[in-house]
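S.K.: Letter by letter, the chains look like this.
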Amino acid sequence: MQADLRSKIRRLERGGRAAELSPVPSGCPALDAVLPRQGLARGGLHVVQGRPGDGAVYGFTLALTGRLRANDGIVVWIQCGRDCQENGIPYGPGLRALGIDSRHLLLVKARRAVDLLWSMEEALRCPDLAVIVGEGVAPNITAARRLQLAAETGSTTAVLVTPPGTAPNTTALTHWRIAAAPAETTALPPRHPAWTVELVRCRGGKPGQWRMEWRHETFHLDLAAPLVDRPVVATV
Amino acid sequence: MRVGAVDQAAANSGITPGMRLADARALVPHLKAVGMNPAADARALARLADWAMRYTPWSATDGEDGIALDITGCAHLFGGEDKMLHDLSKRLGSYRLTTRLALADTPAAAWAWARYGEGGILSSGNIDAINALPVAALRISASDAHDLARLGLRRIKDIANMPRAPLAARFNEGLLNRLDQIRGCASEPLTLRRPPAPYRSRVAFAEPIGHRKDIEGTLKHLLADLCARLETAGLGARKLAFTAYSVDATTQHIVIGTAAPSREAAHFIRLFQEHLDTIDPGFGLESFTLDATTAERLMPTQMLLTGKRNATASLTQLVDRLQTRLGAGAVVELKPVDSHTPERAVLMAPAFERPNKINGAEDWLAQQPRPIRLLPSPELIDVIAPIPDDPPLMFRWRKVSHRVARSEGPERIAPEWWRRDQTQRARDYYWLEDTDGRRFWVYRDGPFSPESAPRWYLHGLFA
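Protein chains in written order, with our numbering: chain W, 166 to 401; chain X, 8 to 470.
Check each hint, because a few of them may be wrong.
As the list claims (entries may be wrong) - If the Cβ cut is set under 8 angstroms, some of the chain X residues that face chain W in the computed set are:
1) L329
2) A337
3) V338
4) P343
5) V353
6) W371
7) R377
8) I379
9) R380
10) L381
11) A412
12) E440
13) D443
Derived by calculation from the structure, the hints in this document are not laboratory data.
From the three backbone atoms N, C-alpha and C, an ideal C-beta is built for every residue, glycine too.
Can you make the complete structure from the sequences, with help from the hints?
M.R.: If you want it as structure tokens, here you go:
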């Protein structure tokens with residue numbers, strides 16, 4: 166009865182536009198617990214913030230994109246041409262470990278920020294795509310609202326990677342802040358990337374901070390194992 | 008300094024091309040002389056030949072001072088050959104060009120009639136008029152013409168009925184070839200300015216137009232016409248060229264391309280609208296053509312009952328729109344290549360291109376873990392590392408120091424010895440994690456040697 170009411174309210178909020186997309190579980194129960202409807206919402210805008218040139222930001226965005234894609238659809242990744250040397254370009258052989266097959270990826274290089282936002286909007290309206298990621302631009306309120314509307318119209322999901330210093334956006338469904346986390350043990354280096362994931366703002370959910378690892382065997386995020394009180398072992 | 012070309016008044020006063028300028032000035036003291044610019048003349052002639060394509064798509068420049076047009080099948084659009092010739096001469100006259108026009112069955116006959124005959128229309132099959140021309144009208148070399156004159160053969164009719172073998176023996180094949188060409192027995196293809204497109208729509212206005220709204224309306228009309236014809240033929244266009252002919256004999260083009268053949272006018276008009284502002288109306292645009300320069304087979308797509316179309320159609324249209332605005336090559340796919348060198352292991356192929364089977368591989372070659380980001384050009388870093396082979400303890404990148412907490416490696420990637428342009432040395436790649444938890448992919452360029460410390464570079468970022 167309550168769920169019925171909630172879905173009615175959501176439909177009214179959308180203005181009866183497009184069909185609603187079901188949320189996708191992030192694979193980490195602790196994270197799902199704080200997200201509204203126990204999963205990552207699709208059909209809207211997510212913002213990921215982090216230091217440019219920090220691999221953790223792109224790693225988390227790839228993981229998030231992989232989950233949001235839900236095994237169906239094409240991912241479009243839009244970058245500004247100027248930032249390619251600064252931040253690097255997505256490298257095909259490495260994407261597989263983060264859950265993205267390069268056969269489902271299209272890379273777009275835009276010249277200016279306004280072209281990047283235009284491309285994102287055009288791509289979001291295309292119903293055949295799953296997730297559109299735009300990198301390196303910090304949009305203002307109007308631009309974010311347009312992206313959200315375009316995502317709802319086309320039933321696609323938008324992810325924006327913004328540099329630090331951006332104020333949390335009120336229009337976005339979720340706003341994340343990512344940093345790299347040092348490994349816990351000093352034993353043989355595990356291949357699982359570890360990140361400090363902070364959910365700064367979430368529409369309908371609770372903010373929180375976790376230290377997470379990405380398991381490439383099963384393609385899901387996991388809370389890092391809790392610290393154990395142990396003497397430090399010297400590096401090999 | 009010699010005289011290169013003269014106008015009618017100068018020719019009447021006795022000045023001929025080839026005369027010395029001083030002699031010419033002596034004849035006519037108030038002579039006006041302008042320096043010759045052959046390159047600019049050639050360009051102007053090319054532009055005029057392009058303009059002449061408003062009459063026919065088969066237009067070519069002919070030598071340094073002529074234009075050849077093949078108007079087969081086009082004359083009726085201008086009300087007949089007479090009216091077409093009259094219109095052409097009137098327009099060229101309005102551009103202040105002195106011209107001699109001739110229309111005949113073959114290019115050779117038209118050339119001869121224009122330069123050595125009376126000009127105008129040479130009726131079909133009129134052998135006598137051709138035969139009355141001098142032999143120079145055959146476009147033979149001066150020495151051949153001189154030899155023929157010595158033999159008393161001055162007009163074409165003198166050699167027209169002679170047996171061919173002695174002519175071929177005395178003069179080379181060229182003379183007989185030219186005779187055949189002027190009579191239409193041998194073919195003479197023109198080198199066209201632009202090959203004609205398989206599908207073309209054209210519209211001309213009695214009054215020149217200039218408003219952007221009108222140009223857009225014309226384009227929509229031409230697109231509708233062209234797409235209808237493509238549909239009956241079962242073809243889709245991959246490349247469209249929109250040409251605007253201006254009243255001052257200039258042309259402007261917009262060319263758009265699509266990744267997949269299409270015949271949707273709405274899609275094309277959106278692609279054209281990106282570039283319509285580049286058309287400058289100038290003094291007015293009097294006619295427009297729309298060519299489908301590349302057309303491919305396209306099966307009809309049925310609309311589903313729900314009104315939804317084929318899924319991939321909208322994706323290729325999106326790619327077309329992105330590429331039209333951001334430039335060709337802005338949308339790429341990552342394709343694996345059979346190469347161990349990291350920067351060559353990925354091919355950024357334009358989206359939806361035909362697969363290139365030469366270097367392509369099925370899957371990524373690298374077995375070891377690879378970074379998620381690669382820097383387009385590796386950046387030099389300062390490194391403190393135990394020699395000779397140990398991973399770095401500390402490094403400095405973009406003016407920030409990083410202390411290494413953990414590392415893995417080396418992975419040696421040897422240069423591809425079969426490539427001839429190889430200046431690369433073997434690289435030892437290391438996976439490094441610093442004390443903050445950030446992970447990098449660095450390499451040492453070449454093995455360590457005591458004489459020259461090798462350089463270290465940062466090539467990629469791990470998640």
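S.K.: What hints, given by number in increasing order, does this structure fail?
M.R.: As far as the earlier hints go, not one is violated by this structure.
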